[in-house]
Amino acid sequence: MRAGNTPIRRVLVLCAGLAVAAAQVAAAGLPIKPLAAGLSYENFSRTVVWKGDEASSKIQAGLISARAEFGLAKGIVVGVHAGLSLTDFKDVSFTALPISLQYDGSPLKGFALGVDIDAPLHKFSDFEIGATARFVYSIGMSKTWPLEGFAVEGEARGSSNWLEAAVGPRLSYLFFGRVVPYLEICARWLRADFEMSETLEDLSGAEKKLVRGDLQLSFALGADAAVTDRIVIEAKAGILPYTGGVNGLVSLGVLYKF
Amino acid sequence: MIMALESLPKVAATALIVLYSALGTGDGSLSLQTKSPGRTFVRPASHLRVERPLLRRRAPRYAANRVLVRFRPEIDPVYAEGLLRSYGFPAVRRIGAIGVYNVTTAAGVSVTETLAMLRRNGDIELARPDYRARLADVPNDPYFLNYQYALWNRGGVLDISPEIQPQMTAGADLKATRAWDITHGDSETVIAIIDTGVDMEHPDLAGKVVSAGRDFANDDMDATDDHWHGTHVAGVAAADTDNGDGVAGVAWDCRILPVKVTDAEGNGFYSWIIDGIIWAADQGADVINLSLGGDVDDPFLEDACKYAHDKGIVVVAATGNDSLSGVLFPAAYDSYVLAAAASDYDDVIADFSNYGPEVDVAAPGVWILGPAPQWYVGTGNLPYLFASGTSAASPQVAGMAALIKSAKPELPADDIMRIIRYTADDINRTSFPGRDDHSGYGRINMERALAPYIIR
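Taken in order, these protein sequences are the chains called A and B.
Using this note's numbering, you'd call the opening residue of the first sequence number 20 and step up by one each time.
Using this note's numbering, you'd call the opening residue of the second sequence number -16 and step up by one each time.
Honestly, the hints are just simulated from the structure, not real lab data.
Given the structure is predicted, the values throughout are model-derived calculations rather than measurements.
Treat the hints loosely; a few may be bogus.
As the list claims (entries may be wrong) - In silico negatives: residues of chain B with every beta carbon more than 12 Å from chain A:
| no. | residue |
| --- | --- |
| 1 | Arg111 |
| 2 | Val121 |
| 3 | Val331 |
| 4 | Met400 |
Said to hold, decoys possible - DEER-style ranges, computed between Cβ atoms:
| no. | chain 1 | residue 1 | chain 2 | residue 2 | range |
| --- | --- | --- | --- | --- | --- |
| 5 | B | Asn226 | A | Ile204 | 27 to 35 Å |
| 6 | A | Pro165 | B | Thr362 | 54 to 62 Å |
| 7 | A | Val246 | B | Ala74 | 50 to 58 Å |
| 8 | B | Gly65 | A | Val198 | 33 to 41 Å |
| 9 | B | Thr362 | A | Asp123 | 50 to 58 Å |
| 10 | A | Pro165 | B | Thr152 | 22 to 30 Å |
| 11 | B | Arg137 | A | Thr262 | 20 to 28 Å |
Stated by the list, open to error - Per the computed footprint, the stretches of chain A lying under chain B, defined by three or more beta-carbons under 8 Å from a beta-carbon of chain B, are:
| no. | segment |
| --- | --- |
| 12 | 170 to 182 |
| 13 | 229 to 241 |
The beta carbon of each residue, even a glycine, is placed where N, CA and C say it ideally should be.
All chains, please: the whole structure from these sequences, using the hints.
This is how it looks when you write it as structure tokens:
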């Protein structure tokens, strides 16, 4: 849990710092985006090859988060979010355990924390080019399954963590005013682990599967729409092509501006 | 199989029921002769170990671009097909006889996504992936299907001879074929057969022996079988399999280290057995099979078993065939040795199988077909015979241990022993639920030990 607490503490410190910075900017009367808060839902899939495996398998993650955005100087917007993650793993086998296990269970729950930054870089005509970066960390809760059919009672216990960092350019079209569509291309780096342990009376073992820095490009279309002066809807959908297939991502958020 | 049927009378002619007696001396005395283990291997087994073999990867469990769909009975097929077309599926084929549609998923849409979409439609009764089927790994050894019920029991009659035709219960077997889908074993995993020697020219064994072995009865480096027992035991554990000849062994690709510890009559001394165990351990054996034993508890014999066990070797021994309470030694050395009792073609414990608290598991040991020296069965007969006894059960457990060791070489001997115990089928649960003194934890189940357990 020491490893899990560190990111939480960092995010909390970051939130506090951002709130102070946003308040200072607002107090200075600068024309920037105000503080906004709301809910967001996000879903993405990644086809990965776990370290030591030959075959690929799929990670599908869904996140429901409370989200806050802080406007800073020079149009930079920093968003932080925290919520629940549901991560689904397909075709993951733990063959180094005394009794090999294949995971075909329901998605694993976890806590998700994230930070993202949008920074405008250059504006020309009705277009604006900017940079976007994002960092999400999901800390998995452990789950237990009974191992049935054996001569003794047994159980397996699993938990998974993952971390995704993405960075890339964003091209926004400002013509419509209240609705800002954009095209976003990101390099997305994923690190994931899935630890499984098993115990059958005095027979026990543990195996940790790792994805160390899987990198994929995503191409996404999105839009930020100001439904009212206070309510903004943010939506995005995209693909992550890889050799032999394509993964997807979708996100939807509703924010209230203060 | 034609060959097998034609030669059945010959096989039957050589069929034997062998209920092994203990090999220890009657008075339990020990031989005083000492033997130097020596080291004359040109290529000792311990020098042959290479990197861990990879498990066979399973293909994806279902087709990546196809699903199967059935509509509710009241839905008209024309409407159903039109509905599926409206989803944009590139191909829809109706399997008329059962009213199921074979649907090719749209490009870029996964099977999971397609199923989720279809299941939201109230007209659809069932939408499922198109699961992959596979052939269980069945070897082409001609006697496998009809005679080796221990590995795969399909029920029916075990046609041993006109007089001996027991009816078998399907599924009363080791589940070997499904385990072989996972691994055939590693040729660098060595099973030491400490017995009467091995016929190293037998067609089902010639390619499997690591070396000429060691003969502690005659004090030489030639463990050729002058009985028949060790040849049979070696073949049950690891006969040359899928070679289109004879029988299949439990551990297809594992190899055999012959160690002779009895004379031509099948009698031996504890000291020979002790020497044999230590010699095999020093040669790098991964598994030791002892289809023999004596009535007398002996600390030196126990020390030899401990020596092997501490080297990471799985030691398996037969419980004995006296129908008595009291497991033979070394099988009774619970901490270091897996004690194997015998079951039959109906998953019933054989009436001759010794019992006691040291029994760990059972394996089929009644009418087990295995290789035999040609000189023993006589010219004109096939070099195979049926035998019964815990001696025939023990090498099946040893073969299973060798497969586990091949798949997971990092596992310590204790863990392999636990896997074998805890994955067993409790075949006599109606009389003795849970672990008992007759079958131990139950009849071994190779599939449960080697195939992945699926967490749902």
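Tested hints:
1. For B:Arg111, the non-interface assignment is confirmed: its Cβ lies about 14 Å from the closest Cβ of chain A, beyond the 12 Å cut-off.
2. Consistency note on B:Val121: stated as away from chain A, and its beta-carbon is indeed over 12 Å from all of that chain's, at 22 Å minimum.
3. The claim that B:Val331 lies off the interface holds: its Cβ sits roughly 18 Å from the closest Cβ of chain A, which is beyond the 12 Å cut-off.
4. Some Cβ of chain A comes within 12 Å of the Cβ of B:Met400; the nearest lies about 9 Å off, and the non-interface call is violated.
5. Checked against the hint of 27 to 35 Å, the pair B:Asn226 and A:Ile204 fails, with Cβ atoms roughly 57 Å apart.
6. Between A:Pro165 and B:Thr362 the Cβ separation comes to about 58 Å, which falls inside the hinted range of 54 to 62 Å.
7. Checking the proposed 50 to 58 Å range against A:Val246 and B:Ala74 shows it is violated: the Cβ atoms sit about 42 Å from each other.
8. The hinted window of 33 to 41 Å between B:Gly65 and A:Val198 holds, with their beta carbons roughly 37 Å apart.
9. Checked against the hint of 50 to 58 Å, the pair B:Thr362 and A:Asp123 passes, with Cβ atoms roughly 56 Å apart.
10. Taking the beta carbon of each, A:Pro165 and B:Thr152 are about 29 Å apart, inside 22 to 30 Å as hinted.
11. The supplied range of 20 to 28 Å is broken by B:Arg137 and A:Thr262, whose beta-carbon atoms lie about 44 Å from each other.
12. For a cut-off of 8 Å, the count of residues in the segment 170 to 182 of chain A with a CB near a CB of chain B stands at 5, and the three-residue condition holds.
13. With 0 residues having a beta carbon nearer than 8 Å to a beta carbon of chain B, the segment 229 to 241 of chain A misses the requirement of three or more and the stated coverage is violated.
Of the numbered hints stated above, those contradicted by the structure are hints 4, 5, 7, 11, 13, listed in ascending order.
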